[in-house]
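Sequence order for the protein chains is A and B.
Note that UniProt numbering has the first sequence beginning at 1, numbered continuously upward.
Note that UniProt numbering has the second sequence beginning at 1, numbered continuously upward.
Quick caveat, the hints were computed from the structure, so don't treat them as lab data.
Be aware that one or more of the hints could be misleading.
Derived DEER-like restraints, expressed as beta-carbon distance ranges [said to hold, decoys possible]:
1. B:52 - A:79: 46 to 54 Å
2. B:41 - A:84: 38 to 46 Å
3. A:58 - B:96: 14 to 22 Å
4. A:18 - B:100: 43 to 51 Å
5. B:27 - A:25: 22 to 30 Å
6. A:72 - B:59: 28 to 36 Å
7. B:62 - A:14: 38 to 46 Å
8. B:49 - A:29: 33 to 41 Å
9. B:52 - A:31: 16 to 24 Å
10. A:61 - B:28: 31 to 39 Å
11. B:124 - A:57: 39 to 47 Å
12. A:14 - B:120: 18 to 26 Å
13. A:60 - B:62: 20 to 28 Å
Glycine included, C-beta positions come from ideal geometry on N, C-alpha and C.
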Amino acid sequence: MSVALGYVYLGTALLIILSMVFMLVRLIGGPTLYDRLLAVNAFGTKTVLFLCVFCFIIDRPDGVDIAILYALMNFIATIAVLKFFNYKALNVGLMRKESAEVEK
Amino acid sequence: MSLFVTIMAAAPAAAEHYVASGPTIDWLALLRFVGTVLSLAGGLFFVMAGTIGVIRLPDFYTRLHAAGMTDTLGAELILLGLIIQSGFSQMSLKLLLVAFFLLVTSPTATHAIAHAAYKSGLEPFLGKFKAPDLDEEV
């Protein structure tokens, strides 16, 4: 049964890689910036899933820590890029109204 | 090679045991196997459906809908299948952490992307329906 389970993990990993390749197609050929951002976000989520399945394939539980790291970094990267393209800067205060008053 | 030798050495004893006691099936392992396969298949269905949606749908907002479905239900189902297989251990705790972070962060990221696209004036394809006013205060 564990042999069959290995094939199940392998098929799952291959299908996740296939969907990552399709996400790369959208990332390269996306018409707008937001399409590319969406593709990057989905690609990161699929990377996390692939890492988790890969840890089961090679039977070492260490890589799930890296998967946690990827999940958090993916979110932070998406929010940072969005903030940069909204405000054209990264050091914008969180309280927008107060900073506007300070500028006056 | 050594595994092969071990299996071949153990085979006659195993065959005698099988003949003596009848077929013994580990029902719990079988149940876990079936649960894992069903969960992984469901998760892969959602992941592939979302991928095909991202490739083929005509508009940014519809693509966003497909990707959001992939990020939540597909990811959670695949992680659930792995958790079923890993049992009650440290591995399943880490996988639960991954599932929790994905469940919190990916809808937030999807919402942030949609909000930023809407604020920047990207208009959706709406056919015969009218788009909401872009100048409206959000």
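Original post:
Does the hinted range 33 to 41 Å hold for residue 49 of chain B and residue 29 of chain A at CB?
Top reply: Violated: the Cβ-Cβ distance is about 20 Å, outside 33 to 41 Å.
Original post:
Between residue 52 of chain B and residue 31 of chain A, does the C-beta distance stay in 16 to 24 Å?
Top reply: Since the Cβ atoms of residue 52 of chain B and residue 31 of chain A sit about 18 Å apart, the hinted range of 16 to 24 Å holds.
Original post:
Has the hinted range 31 to 39 Å been met by the Cβ atoms of residue 61 of chain A and residue 28 of chain B?
Top reply: violated, 21 Å
**OP:** Given the hint of 43 to 51 Å, check if residue 18 of chain A and residue 100 of chain B actually sit that far apart at their C-beta atoms.
**Re:** 27 Å Cβ-Cβ, so the 43 to 51 Å window is violated.
Original post:
Can the suggested window of 22 to 30 Å be confirmed for the beta-carbon pair residue 27 of chain B and residue 25 of chain A?
Top reply: Violated, since residue 27 of chain B and residue 25 of chain A (Cβ atoms, about 44 Å apart) do not stay within the stated range.
**OP:** Could you check the hint for me, namely that residue 60 of chain A and residue 62 of chain B are 20 to 28 Å apart, CB to CB?
**Re:** violated, 40 Å
**OP:** Starting from the hint 28 to 36 Å, judge whether the C-beta atoms of residue 72 of chain A and residue 59 of chain B obey it.
**Re:** holds, 30 Å
Subject >> Cβ separation of residue 58 of chain A and residue 96 of chain B, checked against the hinted range 14 to 22 Å >> reply: Since residue 58 of chain A and residue 96 of chain B have Cβ atoms about 21 Å apart, the given range 14 to 22 Å holds.
**OP:** Given the hint of 46 to 54 Å, check if residue 52 of chain B and residue 79 of chain A actually sit that far apart at their C-beta atoms.
**Re:** violated, 27 Å
Original post:
Does the Cβ-Cβ separation between residue 62 of chain B and residue 14 of chain A fall within 38 to 46 Å?
Top reply: violated, 27 Å
Original post:
In this structure, is the beta-carbon distance linking residue 14 of chain A and residue 120 of chain B contained in 18 to 26 Å?
Top reply: The hint (18 to 26 Å, Cβ to Cβ) is violated, given that residue 14 of chain A and residue 120 of chain B are roughly 37 Å apart.
**OP:** Can you let me know if the beta-carbon spacing of residue 124 of chain B and residue 57 of chain A is within 39 to 47 Å?
**Re:** holds, 41 Å
In summary, the structure is inconsistent with hints 1, 4, 5, 7, 8, 10, 12 and 13 from the numbered list given earlier, while agreeing with the others.
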